[in-house]
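Trainee: Sequence:
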Amino acid sequence: MAETQDVVELILQDHRRMEDLFHLMRSVEADRAGALREFAALLIAHAQAEEAKVYPALKRYKHIDDEEVEHGEHEHDEGNQALLDLMEVAEVGSEEWDSKLEALVEAVNHHTDEEERTILNGARENVAMERREELGAAFWEERERRLKADCGSVDNVRRAVHS
Numbered sequence: 001m002a003e004t005q006d007v008v009e010l011i012l013q014d015h016r017r018m019e020d021l022f023h024l025m026r027s028v029e030a031d032r033a034g035a036l037r038e039f040a041a042l043l044i045a046h047a048q049a050e051e052a053k054v055y056p057a058l059k060r061y062k063h064i065d066d067e068e069v070e071h072g073e074h075e076h077d078e079g080n081q082a083l084l085d086l087m088e089v090a091e092v093g094s095e096e097w098d099s100k101l102e103a104l105v106e107a108v109n110h111h112t113d114e115e116e117r118t119i120l121n122g123a124r125e126n127v128a129m130e131r132r133e134e135l136g137a138a139f140w141e142e143r144e145r146r147l148k149a150d151c152g153s154v155d156n157v158r159r160a161v162h163s
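Numbering (full-length UniProt numbering), first residue to last: 1 to 163.
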């Protein structure tokens, strides 16, 4: 388990790891394909765990905007599509790769920025730490379960996009 169980901090840790992986995927000196594999698994596990364990619970709080939560789910779909588009590029480092990578970076960064400003700040201000830790434990367990199930494979990403 992570050092913290606060769902807000766990989600933020994943967001920072995604940013690190973007840097690796842009670097000609890095294992770009390996970074994409790790990113795909993390993005899918993270988003599905949020949608299964965190978002439904946060909708119950009157000071957390339901529309923001639903918008977050829509942005997960956009990120998943951008991820699939990148995964289907034949040559890592090609012009098409770079273009699809930038589309993915834009979609994910837009979502994480909005989520951090609205949903996560709302959770910090309105959800007791004990409840945030309960949600964190549920989020982490679901996230780990999905990671172990190879959720980042191209077939699973396709299923996520087309479901």
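These aren't lab readings, by the way, just hints derived from the structure by calculation.
Where hints are given, some of them may not hold.
Derived DEER-like restraints, expressed as beta-carbon distance ranges [what the hints assert, rightly or not]:
hint, residue 1, residue 2, range
1, Asn126, Glu88, 37 to 45 Å
2, Ala128, Leu12, 15 to 23 Å
3, Glu29, Asn126, 42 to 50 Å
4, Glu91, Glu114, 31 to 39 Å
5, Leu24, Thr4, 18 to 26 Å
6, Glu95, Asp150, 12 to 20 Å
Below, simulated DSSO-like cross-link-like pairs (lysine-lysine); rule was C-alpha separation at most 30 Å, straight line [as the list claims (entries may be wrong)]:
hint, residue 1, residue 2
7, Lys148, Lys100
8, Lys59, Lys148
9, Lys62, Lys148
Since we're looking at a predicted model, the values are computed, not measured.
Heads up, the beta-carbon is just placed ideally off N, CA and C, and yes, glycines get one too.
Trainee: Each hint: holds or not?
Mentor: Hints versus structure:
For the pair Asn126 and Glu88, the beta carbons lie near 40 Å from each other, so the given range of 37 to 45 Å is met. Evaluation of the 15 to 23 Å hint for Ala128 and Leu12 yields a pass: the beta carbon distance comes to about 18 Å. Between Glu29 and Asn126 the beta carbons are some 44 Å apart, a value that agrees with the proposed interval 42 to 50 Å. Restraint check, Glu91 to Glu114: a C-beta distance of roughly 32 Å satisfies the suggested window 31 to 39 Å.
For the pair Leu24 and Thr4, the supplied restraint of 18 to 26 Å holds, since their beta-carbon distance comes to about 24 Å. For Glu95 and Asp150, the hinted distance range of 12 to 20 Å is not satisfied, since their beta carbons lie about 29 Å from each other. Restraint check for Lys148 and Lys100: the C-alpha separation of about 27 Å stays at or below 30 Å, so the hint holds. Only pairs whose Cα atoms come within 30 Å are accepted, and Lys59 paired with Lys148 is accepted, the gap being roughly 28 Å.
For the hint linking Lys62 to Lys148, the alpha-carbon distance of about 35 Å lies beyond 30 Å, and the restraint is violated.
Hint violations for this structure: numbers 6 and 9, all remaining hints satisfied.
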